[in-house]
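Chemist: Chains G and V, in that order, are what the protein sequence lines are.
All residue numbers for the first sequence refer to our numbering, where the first residue is 4 and numbers rise by one.
All residue numbers for the second sequence refer to our numbering, where the first residue is 350 and numbers rise by one.
Treat the hints as calculated values from the structure; they're not laboratory data.
These numbers come from a predicted model, not from an experiment.
Idealized CB from N, CA, C, for every residue including glycine.
A hint or two may mislead.
[Stated by the list, open to error] Partner residues are not named here, just some residues of chain V that face chain G (Cβ under 10 Å, in silico):
1) Glu500
2) Ala547
3) Met562
[Unchecked claim] Away from chain V, derived, C-beta distances all over 12 Å, residues of chain G:
4) Glu35
5) Gly69
6) Asn78
7) Ala148
8) Asp163
9) Arg187
10) Ser304
11) Leu321
12) Glu329
13) Asp358
[Claimed, not checked] Non-contacting residues of chain V with respect to chain G, defined by C-beta distances greater than 10 Å in every case (computed):
14) Glu487
15) Leu496
16) Thr604
17) Met619
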Amino acid sequence: MSGAAVELAGVTKRFGEVTAVDAIDLTIGHGEFFSLLGPSGCGKTTTLRMIAGFEHPTEGSLRINGEEMGLLPPNRRPVNTVFQSYALFPHMTVYDNVAFGLQMRKLGSNEVAQRVERVLDQVQLRQRADARPSQLSGGQRQRVALARALVNEPEVLLLDEPLGALDLKLRQSMQVELKDLQERVGITFIYVTHDQEEALTMSDRIGVMDAGNLLQVGTPEEIYERPTSRFVASFIGDINFIDAVAAGGSVRLASGVELPISTDQPDGSEVTLALRPERLELFDLDEPIPDGHIRLNGKVSRRMYYGDSYFYDVDVGLPEPLEAREENRPDVEVYEVGEEAIVAWDPAATNVVTD
Amino acid sequence: MVMADLEARAERAASRRGFLIGLPAYVYLILFFAIPLLIVAVYSFATRTSTGATALSDWNLDAWARVFSAAPARVFVRSFLLAAATTVLCLVFSYPFAYWIATRSPKVRSLLLVLVMIPFWSNFLVRTYAMKFLLGSEGPLSIISQLLGGEPVRLLFTVWAVLIGLVYGYMPFMILPLYAALERMDWSLVEAARDLYAGGWDAFRKVTLPLSMPGVVAGSVLVFIPALGAYVVPAILGGGSPPYLGDYIVLQFLTARNWPFGSALSVSVMLIMLIATIFYFRRGGRTL
Numbered sequence: 004m005s006g007a008a009v010e011l012a013g014v015t016k017r018f019g020e021v022t023a024v025d026a027i028d029l030t031i032g033h034g035e036f037f038s039l040l041g042p043s044g045c046g047k048t049t050t051l052r053m054i055a056g057f058e059h060p061t062e063g064s065l066r067i068n069g070e071e072m073g074l075l076p077p078n079r080r081p082v083n084t085v086f087q088s089y090a091l092f093p094h095m096t097v098y099d100n101v102a103f104g105l106q107m108r109k110l111g112s113n114e115v116a117q118r119v120e121r122v123l124d125q126v127q128l129r130q131r132a133d134a135r136p137s138q139l140s141g142g143q144r145q146r147v148a149l150a151r152a153l154v155n156e157p158e159v160l161l162l163d164e165p166l167g168a169l170d171l172k173l174r175q176s177m178q179v180e181l182k183d184l185q186e187r188v189g190i191t192f193i194y195v196t197h198d199q200e201e202a203l204t205m206s207d208r209i210g211v212m213d214a215g216n217l218l219q220v221g222t223p224e225e226i227y228e229r230p231t232s233r234f235v236a237s238f239i240g241d242i243n244f245i246d247a248v249a250a251g252g253s254v255r256l257a258s259g260v261e262l263p264i265s266t267d268q269p270d271g272s273e274v275t276l277a278l279r280p281e282r283l284e285l286f287d288l289d290e291p292i293p294d295g296h297i298r299l300n301g302k303v304s305r306r307m308y309y310g311d312s313y314f315y316d317v318d319v320g321l322p323e324p325l326e327a328r329e330e331n332r333p334d335v336e337v338y339e340v341g342e343e344a345i346v347a348w349d350p351a352a353t354n355v356v357t358d
Numbered sequence: 350m351v352m353a354d355l356e357a358r359a360e361r362a363a364s365r366r367g368f369l370i371g372l373p374a375y376v377y378l379i380l381f382f383a384i385p386l387l388i389v390a391v392y393s394f395a396t397r398t399s400t401g402a403t404a405l406s407d408w409n410l411d412a413w414a415r416v417f418s419a420a421p422a423r424v425f426v427r428s429f430l431l432a433a434a435t436t437v438l439c440l441v442f443s444y445p446f447a448y449w450i451a452t453r454s455p456k457v458r459s460l461l462l463v464l465v466m467i468p469f470w471s472n473f474l475v476r477t478y479a480m481k482f483l484l485g486s487e488g489p490l491s492i493i494s495q496l497l498g499g500e501p502v503r504l505l506f507t508v509w510a511v512l513i514g515l516v517y518g519y520m521p522f523m524i525l526p527l528y529a530a531l532e533r534m535d536w537s538l539v540e541a542a543r544d545l546y547a548g549g550w551d552a553f554r555k556v557t558l559p560l561s562m563p564g565v566v567a568g569s570v571l572v573f574i575p576a577l578g579a580y581v582v583p584a585i586l587g588g589g590s591p592p593y594l595g596d597y598i599v600l601q602f603l604t605a606r607n608w609p610f611g612s613a614l615s616v617s618v619m620l621i622m623l624i625a626t627i628f629y630f631r632r633g634g635r636t637l
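Please construct the entire structure, taking both the sequences and the accompanying hints into account.
Modeler: The following block contains the structure:
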């Protein structure tokens, strides 16, 4: 194997006037579980379809295993796709669906039978081999779609929101199954999703897309803890944004308070601070706060109960209240609405993001 | 028990409403379709008098015996072959066209469908006469052929003229069901086939064609049946000789004045069509 599993360089796709994908550079390594995350219409599916060969880039270079794909049709690319709606052939049995790719590659009937049976065992559908897709449950169809792609042992497996049609419980168990499977077979997975939780739990790396642009690429921790843009910060999880002005190694809030947070922006320029609610802690006014933490005094204006946690809105004299998440544990104090409290956090948990 | 009773009453009311909604069509069809049909069937057992009138007495099977003689059998076979050829040609021309329409943008699709319908805006008889002019030895085709130094076109009053006329007349009945089937197609299935190493032809053969079979079956039935009993086209473009079923039956009623034989022929054509339709839909149903 030479080069990366998939390499996009300046890949752009325009549909008439609309730019669906705008000059994306991306390298995905062998055996990686890579997610493209973004809202609908962000260009993630178009990117996937270009790798599969259903669409061709308007500009740029697309390589799989170091080979330039050019106008190579889908059937001559070493990739397989799991479609969003599964796209199982309704007029064929489960067995024939799974055998399709191998038969098209003119493999001997013995080998086809062996490989189909092995993969049906893997997805626990051997006893449904003669069923039609219409006779299967959603989860079973999903597994047939997966088996139909995996049986070909592709270099890269492309998955377009494969769990989107399943209900929550099934989706969660399929997430675990998919991740296990990927580690077992060692195939590169490129996984398109708009579900941040799915991307965070399964991926080795995530690429966040919006309006045709690839905004940030990183491990789930990097994407969640160190978002570089307002969009990435707000698309994944809950977040507080605080407008501030850079002022020589610190930032000044609208309330006049200065916080010891350094930015690389010139003095006087406007910056946005991004803070995860679970990084904020509440303390009584007379309680000591951890060393080096930033503190703002405020008053609880709202409390929401989530079972495993409480969400507080704390008014700290800024245009927007700060949202803080505290776990529902015996050692964590619960505050009442109207109560005064300190909001404290480690300055390292603060991200300065661009708009 | 009270609840069950309520449910039963609601179901009865719903079925009564359904019946009432269908009633006008039922009455119309019984009056103007079922009863005339019955009359035709009854006449097939009547007697032709020496003056050519029909006597509703002396019921017999003479007309039916004649249906199974050599001359009508030849007409049946000839018409069957013609209808089959018409169906196959319509299918061959219509499938790519319907496929092409179904894969256009929705706006272009509607426009193309209107174009397919345009011939219906003028009378079939008029269009067939236009076809007669077109194919005639004085017609445009012939003139072009002669300008190019060829022979005058001698198509009119041949089986080829009848075939051309039937294919022209019935093509829309093939295009529309094919289009409907292809338009419903989930094209991601074709993408899935291409993704699974099928070339364009294999993807068509293994996925598109089997999934559009309902359209192929419906279109074939819609073309084959009227083509089998066609009258206007064989009469005008074929000149009525050799006869096909449609003009052969008309001949019995209007010229030979043998209503029982004409009736028996009509009933047998209907029975053949019924059997063919059932057989065809059954076969189509299995491949789906």
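Chemist: Please go over all the hints and tell whether each is borne out by the structure.
Modeler: Against the structure, the hints come out as follows:
no.	hint	in the structure
1	Glu500	47 Å, violated
2	Ala547	5 Å, holds
3	Met562	9 Å, holds
4	Glu35	21 Å, holds
5	Gly69	21 Å, holds
6	Asn78	5 Å, violated
7	Ala148	9 Å, violated
8	Asp163	10 Å, violated
9	Arg187	22 Å, holds
10	Ser304	49 Å, holds
11	Leu321	49 Å, holds
12	Glu329	46 Å, holds
13	Asp358	37 Å, holds
14	Glu487	51 Å, holds
15	Leu496	45 Å, holds
16	Thr604	51 Å, holds
17	Met619	33 Å, holds
In terms of the numbered hints stated before, the structure departs from hints 1, 6, 7, 8, listed from lowest to highest.
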